[in-house]
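Q: Listed below are the residues making up each chain.
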Amino acid sequence: MASLARVPGVAFLLVALGIVFSIFAHGFATLSNLLNIGIQSSTLLLLALPMTFIIMTEGLDLSMGAVLGLTGVILASVLVAGNSLIAAFGAALGVGLAFGIANGLFVVKLGLPPFVTTLGTLGIAQGMALVLTGGESVAGIGPALPKLYASKWAGIPFSILVALSMYAVFHFLLYYTRFGNYVFAIGGNREALVLAGVPAGVFHVSVYALAGLMAGFAALLLTGRMNSGHPTAAMGMEFDAIAAVIVGGTERQRGNGWLPGTVLGVLAVGVLRNGLNVMALPSSLQVASIGLLLIAALLIDSIRRIKP
Amino acid sequence: MRHISKAFPGVQALKDVSLTAYGSEVHMLVGQNGAGKSTLIKILCGAYRPNQGEFLVHGKPVHIESTRDARRLGIAVIFQEFSLVPYLDIAQNIFLGREFPGRVPCTIDRGRLHSEARRILDLLGMDADTRTKAHRLGVAQQQMVEIAKALSQDARVLVMDEPTAAISDREIETLFQIVRKLRGEGIAIIYISHRMREVFEIGDRITVLRDGANVASLRPSETTLDELVRLMVGREVDTTYRTRFCEQPGETVLDVKALDTKSGIRGASLTVRSGEIVGLAGLVGAGRTELVRAVFGADTVIRGEIVLKGRNLNGSPAEAVTLGMGLVPENRKTEGLALMCSVHDNMLAAGLRQLFPHGWYTFTKARKAVEGLIQRLRVVTTSARRPARLLSGGNQQKVVIGKWLNAGSKVFIFDEPTRGIDVGAKAEIYKVMERLVAEGAAVLVISSELPELVAVCDRAYVLRNKAVVGELSRKDLTEENILRMAMQHG
Numbered sequence: 001m002a003s004l005a006r007v008p009g010v011a012f013l014l015v016a017l018g019i020v021f022s023i024f025a026h027g028f029a030t031l032s033n034l035l036n037i038g039i040q041s042s043t044l045l046l047l048a049l050p051m052t053f054i055i056m057t058e059g060l061d062l063s064m065g066a067v068l069g070l071t072g073v074i075l076a077s078v079l080v081a082g083n084s085l086i087a088a089f090g091a092a093l094g095v096g097l098a099f100g101i102a103n104g105l106f107v108v109k110l111g112l113p114p115f116v117t118t119l120g121t122l123g124i125a126q127g128m129a130l131v132l133t134g135g136e137s138v139a140g141i142g143p144a145l146p147k148l149y150a151s152k153w154a155g156i157p158f159s160i161l162v163a164l165s166m167y168a169v170f171h172f173l174l175y176y177t178r179f180g181n182y183v184f185a186i187g188g189n190r191e192a193l194v195l196a197g198v199p200a201g202v203f204h205v206s207v208y209a210l211a212g213l214m215a216g217f218a219a220l221l222l223t224g225r226m227n228s229g230h231p232t233a234a235m236g237m238e239f240d241a242i243a244a245v246i247v248g249g250t251e252r253q254r255g256n257g258w259l260p261g262t263v264l265g266v267l268a269v270g271v272l273r274n275g276l277n278v279m280a281l282p283s284s285l286q287v288a289s290i291g292l293l294l295i296a297a298l299l300i301d302s303i304r305r306i307k308p
Numbered sequence: 309m310r311h312i313s314k315a316f317p318g319v320q321a322l323k324d325v326s327l328t329a330y331g332s333e334v335h336m337l338v339g340q341n342g343a344g345k346s347t348l349i350k351i352l353c354g355a356y357r358p359n360q361g362e363f364l365v366h367g368k369p370v371h372i373e374s375t376r377d378a379r380r381l382g383i384a385v386i387f388q389e390f391s392l393v394p395y396l397d398i399a400q401n402i403f404l405g406r407e408f409p410g411r412v413p414c415t416i417d418r419g420r421l422h423s424e425a426r427r428i429l430d431l432l433g434m435d436a437d438t439r440t441k442a443h444r445l446g447v448a449q450q451q452m453v454e455i456a457k458a459l460s461q462d463a464r465v466l467v468m469d470e471p472t473a474a475i476s477d478r479e480i481e482t483l484f485q486i487v488r489k490l491r492g493e494g495i496a497i498i499y500i501s502h503r504m505r506e507v508f509e510i511g512d513r514i515t516v517l518r519d520g521a522n523v524a525s526l527r528p529s530e531t532t533l534d535e536l537v538r539l540m541v542g543r544e545v546d547t548t549y550r551t552r553f554c555e556q557p558g559e560t561v562l563d564v565k566a567l568d569t570k571s572g573i574r575g576a577s578l579t580v581r582s583g584e585i586v587g588l589a590g591l592v593g594a595g596r597t598e599l600v601r602a603v604f605g606a607d608t609v610i611r612g613e614i615v616l617k618g619r620n621l622n623g624s625p626a627e628a629v630t631l632g633m634g635l636v637p638e639n640r641k642t643e644g645l646a647l648m649c650s651v652h653d654n655m656l657a658a659g660l661r662q663l664f665p666h667g668w669y670t671f672t673k674a675r676k677a678v679e680g681l682i683q684r685l686r687v688v689t690t691s692a693r694r695p696a697r698l699l700s701g702g703n704q705q706k707v708v709i710g711k712w713l714n715a716g717s718k719v720f721i722f723d724e725p726t727r728g729i730d731v732g733a734k735a736e737i738y739k740v741m742e743r744l745v746a747e748g749a750a751v752l753v754i755s756s757e758l759p760e761l762v763a764v765c766d767r768a769y770v771l772r773n774k775a776v777v778g779e780l781s782r783k784d785l786t787e788e789n790i791l792r793m794a795m796q797h798g
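First to last, the sequence lines map onto chains S and W. Using the numbering used here, you'd call the opening residue of the first sequence number 1 and step up by one each time. Using the numbering used here, you'd call the opening residue of the second sequence number 309 and step up by one each time.
What the hints contain is simulated information worked out from the structure, not anything from laboratory work. One should not assume that every hint holds.
What the hints assert, rightly or not - One side only, chain S facing chain W, incomplete, derived with CB under 8 Å:
#: 1; residue: Y176
#: 2; residue: T177
#: 3; residue: F179
#: 4; residue: N181
#: 5; residue: F184
#: 6; residue: A185
#: 7; residue: N189
#: 8; residue: E191
#: 9; residue: A192
#: 10; residue: L193
#: 11; residue: L195
#: 12; residue: A196
#: 13; residue: G197
#: 14; residue: V198
#: 15; residue: R254
#: 16; residue: G255
Predicted, not measured: the structure shown is a model, and the values here were computed from it. Even for Gly, the Cβ is constructed at its ideal location relative to N, Cα and C.
All chains should be built: construct the whole structure from the sequences, respecting the hints.
A: Here's what the structure looks like:
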């Protein structure tokens with residue numbers, strides 16, 4: 001049973017959720033629905049991956065959902081104006097990166113609390129998105145993005161493919177590069193990193209910059225899925241991302257992060273939302289249930305820690 | 309290092325200190341708490357910059373202006389708090405910031421990382437897997453990794469700050485073997501210790517610091533334990549603090565029996581009687597703060613009893629306060645006061661229920677109580693409405709005391725009451741303590757300043773390694789006796 005003790009609480013939750021929904025939610029356990037969960041989860045994963053790094057470094061980014069909304073609107077607007085998909089995607093990435101760097105500089109160089117800083121940039125991004133669109137959806141994005149989004153490779157939908165390759169990139173970054181080492185060090189013992197002569201601040205800002213960049217990247221999937229840009233489409237998605245990371249076993253102290261756990265956390269959130277959807281429960285209940293999921297996962301892990 | 313001086317605002321921490329480390333030698337650095345050992349080490353590793361003085365390496369003058377400079381010169385320090393990253397493995401920790409680049413840009417050559425780490429661990433005779441994460445290691449193993457880290461940087465001077473403070477006797481033996489091995493390799497070792505046994509066991513040379521100055525540099529073979537203790541204490545005892553000592557103490561108000569706590573205190577017993585000032589002495593880390601925290605109910609008690617005025621305490625600060633105990637904490641700014649609040653509000657913070665038993669707050673009554681306390685304690689403040697942060701250290705301390713007086717406390721615990729306040733204010737604090745006991749209260753005081761304990765206390769307990777190792781009555785209460793008990797013997 002020793003190996004079972006190393007299985008994180010979220011894995012049990014995921015299995016439990018799967019069983020419950022298979023029994024009670026008619027149409028949950030079908031291949032097309034499971035694929036649907038994957039597609040729905042892929043956008044969230046793009047946010048949760050960099051969020052893992054941020055939380056590992058004792059930080060937080062509340063602005064990711066709003067920045068995703070803004071970059072989605074920008075992506076759609078640039079397409080509507082008749083530009084190429086590459087130009088539109090580039091604009092989304094650029095704006096996302098700018099927000100990420102701003103967050104990083106405020107937090108690292110000015111020493112502002114991440115919670116307050118990113119709450120501020122959340123407001124700015126959301127406001128900009130509303131001003132740009134007047135609160136309306138941006139439709140008429142042309143055929144290029146929908147075509148790309150609908151493409152498959154070996155039967156795997158585009159969005160899942162993107163999510164998988166991004167996971168690979170982040171896994172490589174965290175476990176195989178200097179940058180990854182330093183992410184562990186910034187959260188675990190920043191002083192040691194500084195004493196080793198490493199410009200810790202640069203790497204710390206990069207963590208936030210990466211988060212902004214990924215919000216811009218996720219705009220590609222979000223806009224592709226909705227066929228339009230909507231300023232409030234990703235509102236609250238940062239909550240799901242933070243929940244997924246915490247549920248996945250990453251700690252805010254000591255730089256303890258676990259990337260595969262984040263994937264499990266994202267899937268748990270995805271399964272929960274999808275299952276409740278299939279059971280036709282109102283979406284307000286979904287937010288509450290994700291709160292419950294978060295608490296349940298933390299509870300399971302802390303009980304297991306007391307009684308190993 | 310030659311003629312090093314360092315002043316902090318208000319304190320001359322080091323005066324013209326020189327220290328020479330020779331290759332293949334273990335140089336012991338000893339001195340009381342506050343003698344300037346830590347400051348000296350921080351200057352040596354570049355964390356502080358001296359006001360005066362120079363550094364020479366192999367006879368050539370060099371500059372040490374940052375930790376990087378020190379590292380480049382081959383100086384490595386192992387502090388008591390380790391600089392390991394908990395979720396990186398041993399190899400990654402050893403080479404943090406100096407990873408070997410892999411073939412793909414930005415990656416790490418893991419094979420080389422682990423083989424180099426293995427080589428250094430073998431040198432130290434440590435057989436742990438280099439893939440073990442640091443948070444899974446015990447204190448002694450973490451220390452080994454720190455040493456490995458220093459060696460991997462080709463350290464020629466290795467500074468160890470109380471390396472044996474937190475490890476077991478068997479691990480100490482291993483550590484000593486390594487220290488001897490490193491000495492054999494030609495490395496100069498500067499070793500700070502409070503344990504006299506170690507000084508004589510592995511030291512080749514001893515430097516004694518006192519009040520921020522060199523007092524002696526000698527060979528272990530040419531000195532004795534008694535001489536060292538005398539050198540460390542060294543000054544004439546100043547007894548001007550207190551005039552009348554307690555001759556006839558009253559009844560026992562606080563009785564601690566065979567206390568074991570979660571924070572590591574083992575079998576501690578002590579009594580405090582009314583009218584008495586009792587000291588708690590011991591070196592940093594001996595467990596003084598842990599003991600009073602447990603007595604106050606802030607730390608979990610495993611075994612033993614705490615009896616306050618005949619009633620058993622079950623361990624919560626609220627209960628301790630209700631029964632008349634008041635803690636004047638070491639960090640008055642964070643634990644003792646609400647700095648932004650007024651003197652008035654701070655003084656009433658603990659005793660509202662006593663002052664207003666029916667739950668009705670009346671401003672006139674509150675103001676009278678505060679004015680009474682301000683006069684009684686002679687707090688210097690322009691008004692009772694002045695924010696506590698604008699008061700001087702000594703007056704802030706009086707506000708904390710006033711808070712407990714208002715709450716009707718009869719047993720006062722002072723943790724380092726005079727830290728960071730000037731000489732005049734210190735004398736005032738002592739007078740307040742004296743007046744408290746004259747009025748029948750009991751006082752338990754922790755202090756790292758031995759002259760202070762000797763001058764103020766009627767009696768003192770000495771702690772070492774989280775246990776009470778002795779009790780000194782007034783006539784035996786001297787700095788020499790305290791130090792002798794507080795340090796490990798023979």
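Q: Evaluate each hint against the coordinates.
A: Results for each hint:
1. Because the closest C-beta pair between Y176/S and chain W is about 5 Å apart, less than 8 Å, the hint holds.
2. Interface restraint check: T177/S against chain W, minimum CB-CB distance 5 Å, threshold 8 Å, status holds.
3. The closest approach between the C-beta of F179/S and any C-beta of chain W is roughly 7 Å, which is under the 8 Å cut-off, so the hint is satisfied.
4. Look at N181/S: its Cβ gets to within about 6 Å of chain W, closer than 8 Å, so that hint holds up.
5. Taking 8 Å as the C-beta contact cut-off toward chain W, the hint placing F184/S at the interface holds, the least distance being around 5 Å.
6. For the restraint placing A185/S at the interface with chain W, the shortest Cβ-Cβ distance is roughly 5 Å, inside the 8 Å limit, so the hint holds.
7. Because the smallest distance between the Cβ of N189/S and any Cβ of chain W comes to about 5 Å, under 8 Å, the interface hint for this residue holds.
8. A distance limit of 8 Å between C-beta atoms decides the matter here; for E191/S the minimum to chain W is near 6 Å, and the interface restraint holds.
9. The beta carbon of A192/S is positioned within 8 Å of a beta carbon in chain W (closest approach about 4 Å), and the interface hint is therefore held.
10. With a cut of 8 Å, the hint placing L193/S at the interface with chain W holds, because the nearest CB-to-CB distance is about 7 Å.
11. Interface restraint check: L195/S against chain W, minimum CB-CB distance 5 Å, threshold 8 Å, status holds.
12. About 3 Å separates the beta-carbon of A196/S from the nearest beta-carbon of chain W, less than 8 Å, and the hint is met.
13. Look at G197/S: its Cβ gets to within about 5 Å of chain W, closer than 8 Å, so that hint holds up.
14. This hint holds: V198/S has a C-beta 4 Å from the nearest C-beta of chain W, less than the 8 Å allowed.
15. Hint status for R254/S relative to chain W: holds, with the closest Cβ pair at about 5 Å, below 8 Å.
16. Residue-level restraint check for G255/S holds (minimum Cβ-Cβ distance to chain W is 5 Å; threshold 8 Å).
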